[in-house]
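Line order of the protein sequences matches chains U and R.
Letter by letter, the first sequence follows residues 1 to 1034 in our numbering.
Letter by letter, the second sequence follows residues 1 to 491 in our numbering.
In case anyone wonders, no lab produced these hints; they're calculated from the structure.
Quick caveat, the model's predicted, so the values are computed rather than measured.
Heads up, some of the hints might be wrong.
To be verified - SDA-like cross-link-like pairs, simulated, lysine to any residue; straight-line CA separation at most 20 Å:
1. R:K33 x U:G579
2. U:K557 x R:A32
3. R:K33 x U:W583
4. U:K619 x R:D469
5. U:K621 x R:N30
6. U:K853 x R:A303
7. U:K574 x R:G256
8. U:K621 x R:E19
9. U:K848 x R:T154
10. U:K619 x R:T484
11. R:K22 x U:A623
12. R:K22 x U:W583
13. U:K621 x R:V29
14. U:K853 x U:G817
15. U:K619 x R:Q36
16. U:K518 x R:L27
17. U:K621 x R:T484
18. U:K584 x R:L27
19. U:K619 x R:K22
20. U:K584 x R:K22
21. U:K462 x U:D354
22. U:K621 x R:T154
23. R:K22 x U:T547
24. R:K283 x R:E369
25. U:K518 x R:V29
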Amino acid sequence: MKTKFLTILSSFLLMFAFGFSVQAQSISGTVTDDNGVPLPGATVLVEGTQNGVSTDFDGNYSINASNGDTLVFSFVGYTNQSVVVGSSATVNVSLQPDNALSEVVVTALGMKRNVKAVGYSITQVGGEELSDNKTTNAINALQGKVAGVMVTGGSMGAKGSSRVVIRGTSSLTGNNQPLYVVDGITINNSNLGSAGVWGGADYGDGISSINPDEIESVSVLKGGAAAALYGSRASNGVIIINTKTGAGTKGIGVEFNSSTQFDMLNLSLRDTQEIYGQGRDASKVSDAIDTYQAWGPKMDGSLVAQWDGVARPYTNKGSNLDKFYQTGETYTNTIAVSSSDENGSTRFSVTNLDNLDIVPNSTLKRNSFGLNSSRKYGDKLNVDVNMKYILEDQEGNPQLSDSPGNGNFAVNLFAPSVSVDDMMGEGGLGRNADLTEFRISDNTYSQNPYFAAYNFINSSEKSRFIGAVNARLDITDYLYLRGRMGGDRYDLHKTSSTPWGTAFQPNGSINENKSTFKQYDVDAFLGTDNLQIVDGLVLNAFVGIGTNVQEYDAVSKSGSDFIVPFLINVGNTKNQGGGYSYWKTKINSAYGSAEFGFQDWAYLTLTARNDWFSTLSLKDKVAPNNDLYTSASLSLVLSDVMDLGDTVSFLKLRGGYSQVAGGADSPYALSLSYGIYGQGHLGASLGNISGGTIPNSEITPFEKNETEFGVDLRLFDNKLSIDATFYDNETLGDIVGVSASATSGFGAALANLGNISNSGIELLVKGEIMRTDDFAWNASINYTNNTSEVVATNDTGGNISMDEPRSRNLNVTHIVGEKYGALYGSSYVRNDAGAIVHEMVNGIPIPKIGARKILGFGVAPTALGFGSSFRYKDFNASILVEGKTGGQIYSGTNAFLIRNGHHKKTVPAGGREAGFTPSGVMEDGSSITTSIPQSQQEDYYRRTYSIAEEAIQDSDYMRLRQLSIGYTLPSDMLEGSFISKATVSLIGRNLFFLSNSTDNIDPESAYNNGNSAGLEWFGLPVPRTIGLNLNLKF
Amino acid sequence: MKKILLTFFALSLVLSSCEFDKGFEELNVNPAKASQLDVANKFASVILQTSGGRYENWRASLIYQSVMIQHFSSTAGYWSGDRYFRNDGYATSLWDRYYPSAVKEIEDIKAQLTSEGNSGSEMGMTRILRVFIYSRLTDLHGDIPYSEAGQGYTNGILKPKYDAQQDIYMDMLKELEEAVAQIGSSTTMGAGDIMFGGDMAKWKAWGNSMMLRLAMRLTKADSATAKAWAEKAVAAGTMTSNDHIAMVQHTDGPEGINKNGHGEVFDADGNPRMSKTFVDWLKDDPRLPILAARRSDGSTAIADLIGMPNGSTGATVADTSIYAEPNRGVITGRDAPMVFQTYAEVRLLKAEMAFRGWSVPGDAKTHYEAGVKAAMQMLSQLYTNAAVISDAQVADYLAAKPYDAAKGWEMISEQYWAATLLNEYESFSNWRRTGYPTLTPTNDPGNVTGGTIPRRLIYPTGEESTNADNFAAAIARQGPNDFTTKVWWDK
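Extracted from the complex, chain U is given alone in its bound form (with noise of 0.2 Å):
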């Protein structure tokens, strides 16, 4: 406090001091960019005069010129400015860009650094990208956009979580996804409930709680180097998102933001045989409660009794997935004031999200309020402060994967003379007059579709706060010290139940669930900002001290059979149980960073961070339960010291070396411990083992390791740019499940064993192709190829399996010297010529079951996007085309509509009444001449099923995935009005295939979002949308 008074004392004395010296004035102001955007670094000039300053940290400088001096203001990549000294002591101005990037990136830890220092690769993606074409979960508008980051999301619902991996997957069992952090700080973004091989809801993720509608802009950190200050929590890459605060407003802003879309199937995915209806054997009357075989003869017209004994015409119905699926609806809207003076700025916004899924009675509410305020203390003081509470209420999550409970998979499986209109029932919602299931299956686990969207119930409710508080003291000029404080904590409360009546729980079964997490984050650096050690060589660097606390308690209570029927209230149930969770994790760190500049074009910067973990933290543990990692990363400008010709405007050769510690995710991993479950029996308590891994007290967090190096080179006077990366990472002691065999009692053992590698290409191309006064052209293509190799898995080099479908004929594994991910599973036998080998079995020859082989890899290796935005006077435009290739997917919606006779390869040419004679061989090499007569074809697909390589394609896709078109009004007509800006866009989302090599399912299908990629099994149709979009600003 005293040093605050002294420094303000001496500087107003240095004022007065100037100010009779000379004629001159102390001139202050902000340096924004066109966004308003607070430019650090820029150089403010007297003209003609050696006397210049830098603005600091949040743009603002302080120099003296006389009246009539003209100020020159400068940036890199920015179009220089004067201005003559007036009167006025305050100069702001807003530079604007030579050309569409940005020269000043959100790097770790909130540092906002020039382009030119930065060694690695770093993408930032401006706010509009995200909320021009937004998305119920906001990250998913990300995808395609950004080289090295693969985004899948959407068939889990609009509810669903998202999966995000950048430059490949580094731990083969552990956590994937990169780190979130929102407005400095860390956010939590685990998934809430997800659908496993037994079924399931996805509840969602962190992520989606963030609004995009506030995103101001997103920088991508994909590397080791870039992530190494933010530990161990980062070794996936870290996504750094900052809301809109309310700088470059002029006086109070209104914005105002009203979104309408529309979700629609895109039917022609399907694509299914219509000329064969329900039936076995090629009878249309065998087994008529066996709703989902398509085995009976051509359908005729004639009446035949159905599942319910209702004769109906055995004609074909239509698409049952268009008659129960709905348009989905999505209305988004707005409002936020901001304002901002010489002292600071304010945002205030609030957004209600009101969403309709295509399944029905599946809805989402969200509220969303942020308040995001910027303030100056005096000269040396910053304090930011952000906050933001998100209530959402949730209901009618579709159920996924099997069957119980999953609409869906009974939708997709109805055969062609079945209509799902007919499976309403009697007493409405598919259900009896008695208000019990109206079934559709023998199969008491085939749920009707109606039944499972109005009855079942999987809604949650949530709250959560996300807040941060970010205050930089300006100690002396080059000396200054920055604090941070936030947290994230949300309450949820989940109910799920099985409705009364249900077939396969006639008295059906509740779950209420309430849990709180709870994490914050408190850190404290002190730095140097552009010290000047010698001539020529400017240091910035930083020392600091954090915390990261994470706590988690949740309350459950379930019952079942319900006591009053239709009374949704867990004390209404007969046999009730509930039970109790707990875990607290820390981390403590200590880093630093030192970047040396050496005269304005050769930048180097060297990191060291390190971890104490609580979670390897065990009495008597001999191996250390912290790690020191370490990075450098080297950028060189060579167009600044070289002359390269007119063409290049811009050449940046950037690499780097980085280690990040990673894993050691779980709390109470090293020591084994019992519990007690359930209620007693008779009398006794139940006790046993908890927890199915064998625990090793000796675990160490595993190490990344990455080389990077990468080219910035632009042309033409900045009109084209091509950012190449090339990177190169290996993960070492991957904490893996050294898998186990079940009869050792346990499924796996943990080991720091596993090593996996990844290496790749993200490539960005930008151009301005055109550009006048009334027309501008950009286009953009990105291009990310990331191989991956397994190194090492276990200590026997064993597989390790993952999850499996529910057909359980395939693992997605990891098996050392192949790529991450394989899908491993049961195949055709063949011959030495590739035919498929068969066995005569009742007189008809059918494929036989081989073993286990690679059949592909879940993991798309190759991505590839375009990007165009076009502009015509107050039209603007933009188009991207993205596709993936290189990966394949095992479908069980597929291997279902095999074995039942939907898929049209069980239709031979010439029809199945002229019997199909299969090619291939039989066992003893013989060619094979048996007909197999339309009665018996079903016995031949019916093998295919346990045949996992029957399902298994290709998932490359090019699709359309986002197409917007927008029209400002011109000014003019606003003149007059309180209206400042207005624009309209018309959107759409996933509009059509340019290319697609599955049948029947979107290529991007998953059932949840963890490591297992590659499994679909009846999820939700990713579907098509289209929405307008209104943007007022007053």
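Place chain R on chain U using the hints.
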């Protein structure tokens, strides 16, 4: 400049003296769990896990075995055992469930007692239960991990070897002998003994009865050993009345683990029917109206009880509700007991011993009749709603169908088959050993057994990846991982 460097230097000194991981060791201990529990708290849990949950009882016990040996039948396509389809997940369900629960826990209890130096009743009870658990697994699958199983944590064995069934049997018999000897007059298990409530005499009786059962299993493979151990068991003292029945009493809740696994299946699955084979055999048997009831209206009138032939499909049977199903008023309850071994079985095995001329007090006929009586009268003891079968009814039955020494083995085995209803593991094992009752296999085009009744259930193919070498060795020794490969004692 110098000041800056000095500041940083001072800072690093300060930082290096900080204890950055203070309190971390305590933080990493789960406050909601315990580092060890008393064996009494674990025992009831492992017994319930042995009885099993709905999952394995549905798949291994009912969907496969109950219809394979034609106690039940079903037209539903997923009842794979009726027409001998291959469903990996169903066939391996006992294995998938037992090893990570019952096996793991019983090995943990045994290890805990060993480290506590306990060689008394608790150790004896644990070893008897342990043998029972493994006997189910080996009878069903053949060679299995046994000596190295369940020791992932205690001994770090992640890939247990598969022991030859012969070695397993010899070890199990020895275990039973030693275990019974360890049982004293009382136990500290307390309420944890939910099978016999601390009655040590019953534990001994069960231990010896298991010895008799396992011994008799070996009649095909090694008759001499079978004889020696059977006689040893009889001499040591097996069950003497229905009060000694080894079973687990279940309750209707509060949670799934408390309920009878079969009972939970019957709640969820309305597809099983009484097999025609079984109903026809139960003609004039007072047990029929207790065990069966007509699906459509629950009638237990004898004329209304018709069994559905195995191998029926939706095409051959228009309306399955005319057939009899397991009596939902009596034997299918969630609170029904799960029976591990009955006194009736013991008498019938003794009858067989007598039939073979082995050393057992009493002749075959006496044991046979006592076995039939026990099997009939145990129903009212096991199931609350079962009608009591009077001595007179038993006598009438035995008079009408007297023991015929010429077909002695057939009659004994068929009674055994009837007495082990809902203990399908035992029923399937004894049918394989004796060949009785004579069953006609179904012959569906989709069958994987060449039109024969399976002789085992397959190993999980996951073992191919997680335990490759041992798995391959087991197959090389026993035969292909098919439903038709015979286990050692069945050869």
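| Which hint numbers doesn't this structure obey? | Violated hints: 4, 6, 9, 10, 17; rest satisfied.
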